[in-house]
Each structure stands twice: as C-alpha cells, then as structure tokens.
Amino acid sequence: MKILIADDEALSRRLLEKTLERAGYEVISVENGKQALDELCKLEGPRLALLDWIMPELDGPAVCRAVRTRAEQAYVYMVLLTSKDSKEETVLGLESGADDYLTKPFNAEELRARLRVGERILLLEDRLVEARENMRFRATHDTLTSLLNRGAIMDLLARELQRSHREQKTTLILLGDIDHFKRVNDTFGHEVGDQVVVETANRLLGAVRSYDFVGRYGGEEFLVVLNSCDPAFARSRAEEIRKSISNRQIQTAKGPLTLTMSFGALLSSEWALKTIEELLHEVDIALYDAKAAGRDCLRVAKPATKPDPTSESLPHAVRLTH
Amino acid sequence: MGQLSNEEIEECTMNNSDQGHSEPIWNVAELLERVDHDQELLRDLLNIFKEDFPRTMRSLESAVAARDLKNCARLSHTLKGMLSSLGARRAAAAAAALDVIASSGETASLKESLDALLREGASLVPELDGYVAEVRR
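If you read the sequences in order, they're chains A and B. The first sequence begins at 1 in the numbering used here and counts up by one. The second sequence begins at 323 in the numbering used here and counts up by one.
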C-alpha cells in the first residue's frame, strides 16, 4: 500500500522511510506541504499519509484541511506526526481533519499499529463504496440483461435530447420489439424466452458505439439512443442494428432459433421541441407501423405523417396487443 | 561497520551521562531500538545529523541575533524533532525550551536559551563521533 511521508527534516524523514519500507509500504516522500497536497490529490495517489506539522509552503493542518475539502476523491487517512505535544495542539491538529496524532520521537511498533487502524478504516470505506455502487447499479440496470432499466434509459434520453438540441445535433431514437416473442415463451418456456432477451440485449449492445445507450424498455422491448447521429446515415445505422438480430440464429437450451425485431425510429432534429413522452409516443407509433407492415422491418416517425393528435390513443392502444 | 554488544551499548549510554543530569546526552540504546538495530541506517542518520545540525544551528544563531522570533520558533522546533528522533533528549529539551520562549514572544531569555542548546550540542557531537569510532574499531 502506498503511504506519503511529508517532513522537511531529513533525519526524521529517512527514519520514517526505512521504518515504513520495512513494514511493507510503498513510500512516497516529500519535503513540504505543497508537494504533499499535490501527491494526495493525484488520481492514484496514496491514501495513507504521515504529515509533519511545521513545513514550508503549507503546514500539516493546512494540508489536512485542503484534502478534506475534496469530497469527491477517495478517503485519505492522515496522521499528524509532530514534535508539538500539548493537548491544545493535539485538538487543533485533529480538528483540522487529521485522523490521528502522534508525537516525535515515534515508537515504531505504535506507529505501525496506528497505520493498521488507518488501513482498516480505508478497507471499510472501500467496502461501503462498493456496496453503494452495487446498489446504484441495481437501481439503474435490468437484472436479467444488465442493460439500463427503463428509468435510467429515459433519464439518459432526456439528457441527450437536451444536449443535441443545445449543440444542434441529432439524436436517433430506436424502439425495438422482438417479433412473436409470446410464441417463444409459449412454445419453449420462459427460460428460453430469457435466453432470447439476454442474447438480444448483447447483440444490440454489440451493434452500437461505446457512447450510445441501450436500455430494456419493457419485457421484450428495447430502447436504443444513438448520440450525435448523422441524419444521412441514420436509416442505414438503424437497419444494421435491426439486422444484428435477424442475421444469425440465437442459440438456446432448446436449440437455435431464428428471430427478428421490428423497430420504430425517430430523428430528434426533424421534430420541433417536444417532451420526451411526446417523442416516445411518436416512435411507439412508428414501431406499431412496422409491426403492421409485416414485422422484421423499420419505420421512421415523420412529423408530416404524424397522425391527428386527437386520435393518438387509438394506435397506441392497438399496439399494446402485439 | 561493526556491531556493538548490548553491554557495550549500555556502557556507552551510561558514560555519556553528565553529572547532575539523570538523562544521558545521547541514548544509543533508544535509537538502536528505533532503527531496529540496523547499523547502516544508524550511520545514515548520523551522517544526516552531522550535516544538518550545524547548518540549522547557524541559522538559529542568526535568527536569535536578529530577534527574529518566527524563525527562532521554526528552527528550534525543527531541532527539537531532529534531536528527539536521534535519542538526544537533553539537547531536544533545550531546543524545546527555546521553541517555547520564541513562540511566546519573549526576547529577553532567547540568548540564554540558545547558549544552553549550544552547550548541549557541543557535548553531543563528540559522543556521536565517539560511537562511530567505537563501531569502526
């Protein structure tokens, strides 16, 4: 584990370096507070630090205060190691953000024991961060496919639409639905149905760029968001994505299956500023049109061919039966 | 560099106690324990000390002569840390006393306190040289 030693006094610094190297630490050693802060603020910087109080540029407590203001970075466990030995100074040092306080001359065994306390605190923090990240992932991702879930993909779509409007770019929205998926479930069972959904998710992910988004919108429905899409190539990109499902069979526990998907598509730049719900409604209608046209195809929502708003509810209701 | 026996170390520590002081000038045993009996490291530390101590003392003397309390406090604090790490408790105590005086803004006893530290330093350096010579033999 990396540890930072900050001490302007060479003898103490050398003694600490050797003591900590013997204890198995990877030692980074600096001579003033400014260098200490620079090291601690590095992305992969040390997370354990032994700081002298009086140093040029910045003193130990000032380094502690500066590190503590950087809430976004991983926790750094800081020990003030100083010749200042009054109770008032100990309190001041700890109030500055130090986790522990030791006076010189140090006892090597006590120092190592206190650093092990620090390591335990850092381990605890790592576990908490990992648990939080797992919870965040579960809250935003679909359990079966690990794709973004409906809430998360909708949030990202809203953000992307705002950005493309601001930057005068185009976002391509694709809403896809596996054709005759109910038949797969009824004929081969839900286990095979799940395999089909997972493989579909993988193929969609494999067909888009790393900065595009794919989410599971519903049972066998997927929402694909392609950022900064050139309108001239939008249709061909969408067709490539559609064909990534139908161009080869899906291997399942009950044998290979040939499946297709139907897609509704919408280019954000072709529409006046609308809410995300309004745009998704339009792309939903286009998907319905693709289903009505025999499936395994793509239909693009166009403002000029938009149905009368007063009859919007009818196709949507009909589509739900597919 | 050779290795001294525990008895020789104890003798060395006892010999460097001045009359009237319960504390030795230099506690070799304490330092050896701190360096985990690593003679090479000990030699490193003594070399650093022999280079840094006179230089820091000279700066301190200039600061005292100039009544520069801020630098007096900073330098005596540095010396306190250096000397205590080395196991030179008496000199460390003298540096600590000077640190307190300078930090409290008192100028009247600065010189007297500096002289005490100089005396301790003057006793300490031959002790260190004697130890190095003893180990080399």
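Be a bit skeptical, because a hint or two may be false.
Stated by the list, open to error - Below are the DSBU-like pairs computed for lysine-lysine, each with C-alpha atoms no more than 30 angstroms apart in a straight line:
| no. | chain 1 | residue 1 | chain 2 | residue 2 |
| --- | --- | --- | --- | --- |
| 1 | A | K18 | B | K433 |
| 2 | A | K243 | A | K169 |
| 3 | A | K182 | A | K169 |
| 4 | A | K182 | A | K274 |
| 5 | A | K34 | B | K392 |
| 6 | B | K392 | B | K372 |
| 7 | A | K169 | A | K274 |
| 8 | B | K372 | A | K34 |
| 9 | A | K87 | B | K392 |
| 10 | A | K87 | A | K182 |
| 11 | A | K18 | A | K34 |
| 12 | A | K254 | A | K274 |
| 13 | A | K87 | B | K433 |
The hints are simulated quantities; they were obtained by calculation from the structure and are not laboratory data.
Each hint, compared with the structure:
1. K18(A) to K433(B): Status violated; Cα separation ~37 angstroms.
2. K243(A) to K169(A): Holds: K243(A) and K169(A) sit about 26 angstroms apart, inside 30 angstroms.
3. K182(A) to K169(A): Status violated; Cα separation ~38 angstroms.
4. K182(A) to K274(A): violated, 33 angstroms
5. K34(A) to K392(B): holds, 20 angstroms
6. K392(B) to K372(B): Holds, because 25 angstroms separates the two Cα atoms, which is no more than 30 angstroms.
7. K169(A) to K274(A): holds, 15 angstroms
8. K372(B) to K34(A): holds, 27 angstroms
9. K87(A) to K392(B): Judged against 30 angstroms, a Cα distance of about 22 angstroms means the pair holds.
10. K87(A) to K182(A): violated, 74 angstroms
11. K18(A) to K34(A): Holds. K18(A) to K34(A) sits at ~23 angstroms (cutoff 30 angstroms).
12. K254(A) to K274(A): Outside the cut-off at roughly 45 angstroms; violated.
13. K87(A) to K433(B): holds, 28 angstroms
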